[in-house]
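Trainee: Construct the complete structure from the given sequences, taking the supplied hints into account.
The listed protein sequences correspond, in order, to chains L and A. Counting in our numbering, the first sequence runs from 1 upward without gaps. Counting in our numbering, the second sequence runs from 1001 upward without gaps.
Rather than coming from a laboratory, the hints here were simulated on the basis of the structure. Computed from a predicted model, the values in this text were never measured in an experiment. The reader is advised that the hints may include incorrect statements.
Calculated cross-link-like contacts (lysine-lysine; reagent style DSBU-like; alpha-carbon spacing at most 30 Å) [what the hints assert, rightly or not]:
(1) Lys289/L to Lys346/L
(2) Lys288/L to Lys231/L
(3) Lys202/L to Lys1196/A
(4) Lys1007/A to Lys202/L
(5) Lys289/L to Lys320/L
(6) Lys320/L to Lys274/L
Read off the chains here:
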Amino acid sequence: MAKVLMKGNEAIALAAIKAGCRYYFGYPITPQTELLEYMASELPKVGGVFVQAESEVAAINMVYGAAAAGGRVMTTTSSPGYALMQEGISYIAAAETPCVIVNISRGGPGLGNIQPAQSDYFQNTRGGGSGDYRLLIFAPASLQETVDLVQESFTLAQKYRMVVLISADGMLGQMMEPVDIKEVDSPEDEEKQWALTATEGKRPPRAIYSLYLDPVELEKANERLQANYEKVSKLEERYELLQMDDAQLVIVTYGSVSRIVKSAISLLAGEGIKVGLIRPISLWPFPKKAFEQIPDSAKGLLTVELSRGQMVDDVRIAAKGALPVHFYGRCGGMIPSPREIADEVKRILRGDKS
Amino acid sequence: MTVLFEKTSGLTDEPTIYCPGCSHGIIQRLVAEVLDELGLMDSTIGVAAVGCSVLSYNYFNCDMLGAAHGRAPASATGIKRVHPGKMVFTYQGDGDLASIGTAEIIHAAVRGEKITAIFVNNAIYGMTGGQMAPTTLLGQKTSTSPDGRKAESAGMPIRMCEMLATLEGAAFVERVAVNTPAHIRSAKQAIRQAFKTQQAGQGFSIVEVLSSCPTNWKLTPVAAMQWVEDQMIPYYPLKNFRTPGEAR
Ligand SMILES: Cc1ncc(C[n+]2csc(CCOP(=O)(O)OP(=O)(O)O)c2C)c(N)n1
Ligand code: SF4
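Mentor: Below, the structure is given as C-alpha cells:
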C-alpha cells in the first residue's frame, strides 16, 4: 500500500485489521473513540466481529474469552477505561492467552481531561491487577512506527502468549501523518494446541484458568510465567539512540513528547551544545542496554515526560547511580515547547539545577 | 449384568469438593446429562465462575474456561463470537451472577447472546463462608446479616428471572429447583430446553436453579431441602418466564 494520510486512531484500527485482527471488543472513551468507530464500520466488512461492550470491565473479559478461544483479538481504551481493565488483564496474563491492547492515554488522575498525557506509565508498566505478571509494552513516537508495532504486536502476542500493550497518547491518536500500512499474512490457520475450540471428540478436553489452590502448583505456574518474561526481556528490548557521541547530557524520553525533545536537541546543537537521546521504544522490557551506550562525556541524564515523573524511576534504575538523573515534565495536557526543554538543559549544564 | 444407572460421560472422574447435601453436584450432573443426551458435549465450551463451583472446569467433560468473579457472561460472549457454531454455557452462583456480575448478565441478555447461563441460587455466598447475597431472604441470618436480612438497609431479595424476562433478547427464562425428585425432573427438562434454544440460535437462555447450602445455612442436608421448599420457593416461584415463540 502506498502512503496515505490518516488519523492516528484510524490508522491503528486499519493496521490491526490488516494484521488479521478479527475480534474487537471496546467501550467509547475520548481520545480513542475513532478507533472503536472505525472497527465498528470496517471489521464486519472483512468478516470480523465488533461488539460494543457495556463497560471496559466487560470488554476485557470478552477479550479473555475470545483469546482463550483462539481468536486474534484486540481492545482499545484510554486511561480511566484502562484502569477498569486491570483485573481482566491479570487473568489474561495468568492464563497465557494472547491479545493486543491499545491505551491512548489522557490527563489524570480521576476523570482528568482528554488532552495528551503520559501519566499512565505506572499503570502501563506496573499494572493494577493482582500478582506477578508483565505485559510486553511498546511506546511508538510516530504514526508509521505505531502501525508497524501494532501489526507486530499480534505476532508477538501469539509467539509469547502474552498481552502486548501499545502505549500511546491523545497526541498520536488524534494527529494525522502519512502511513504505509502493510498487508500481513496472518497465521490464523495455525492450530493452537491450547485454545478452547470444543473437543469434537478428537482430543481430551482443555481447561484455561488461573486458580491453583496448591501453593506448590501456583509457584510452579509463576515460575513458568517468569521464565517466559525473562526470555522476552532478553529478546525484545527496543530503543532509539541519537547523537550520543561527545554528548554533554543525554535526554531519556519516549512517545509523543520525544518529538519535541528532538526539536530541542536541534535547537541546542545550533547553539553548540551537544545533547544525546535515548528513546525507549519498549517500556517493558525497559531498554537497559541503551544505557551502556552513554558516553563518558555526559555529565548527567535528563528524563522528559508528559507526567510528574514516572519513567524517571526506571531511568534511575538503569543508570545505576553512575550519573545524576534530572527530570522535566509537564502534565494535565500541557505540552512543553522545544525552547522550554532547551532552557532546562542549559540550566542543568550551568549547574543551576541538580 | 445389566447396567441400570451410571454416571454420565459428560462429567469427568474428578471428585468434587462440594459439601454433603449441596445441590451443586445435582445441578452440574443435570447439565452434563443434558449435553450428553443431546449429543452436544463434544461441541461445547463451558465457563466456570468464581464460587464453590470454581473448580467445575475439572468436572465437566468439555473445554472449559475459568472466568473472573461475575464476568463469565462477558467471557462466554468472547468465546461464542469466535465459535458461533459451538454451544457455550456459564455456570454461576448468585453472588457471582446477581451481585458483582449484574451488568454482564443483563447485557448478555440484552444482546441476545446465544449462550446458556446456569444460575445457581442458594441465597448465600457459599465459598467465602456464608455472607449475605442479593438473593438472601428477608430475615435470613448470615455472617453479614447476623440479625437477619432487613429490607430497610439491604433491600428486598433480587428476583433475576423476573428482571431478565423483561428483556427482548432473553429467549428462554425459567426458574427450577432440585430439592425433590419431581423438581429434578422438571429442572432437567428446563436445562434441555435452554440448550435447545441456544442450538436453534433463538437468543439468550437462562435457568435459575434454587439450590441448597446446608453448610452455611447451618442445616442438615434433609432440612436444607425442606428449607428450599418452605422458604425459597414461596419467594422465588418455580415458573417458566419465557419460551421462544410464545407470546409475551
Ligand atoms: C473480585 C472478587 N471479589 C471477591 C471475591 C471473593 N469471592 C469468591 S467466591 C465469592 C462469592 C461466591 O458466592 P456465590 O456466587 O453465591 O457462589 P457459591 O459459592 O454460593 O456457590 C466471593 C465474594 C473474588 N474471588 N473476586
Ligand atoms: S459451602 Fe454451600 S454451596 Fe459451597 S459446597 Fe458447601 S454446601 Fe455447597
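Trainee: Given the hint that Lys289/L pairs with Lys346/L, does the C-alpha gap stay at or below 30 Å?
Mentor: 27 Å, holds
Trainee: What's the verdict on Lys1007/A and Lys202/L, does the C-alpha distance respect the 30 Å limit or exceed it?
Mentor: Holds: Lys1007/A and Lys202/L sit about 21 Å apart, inside 30 Å.
Trainee: Do the alpha carbons of Lys202/L and Lys1196/A lie within 30 Å of each other, as the hint requires?
Mentor: 23 Å, holds
Trainee: Compare the distance between the alpha carbons of Lys288/L and Lys231/L with 30 Å, and conclude whether the hinted pair is satisfied.
Mentor: 15 Å, holds
Trainee: Against the 30 Å threshold, does the CA-CA distance of Lys289/L and Lys320/L hold or violate the hint?
Mentor: Holds: Lys289/L and Lys320/L sit about 12 Å apart, inside 30 Å.
Trainee: Need the status of pair Lys320/L, Lys274/L: alpha-carbon distance at most 30 Å?
Mentor: 23 Å, holds
Checked against the numbered hints listed earlier, the structure breaks none of them; every hint is satisfied.
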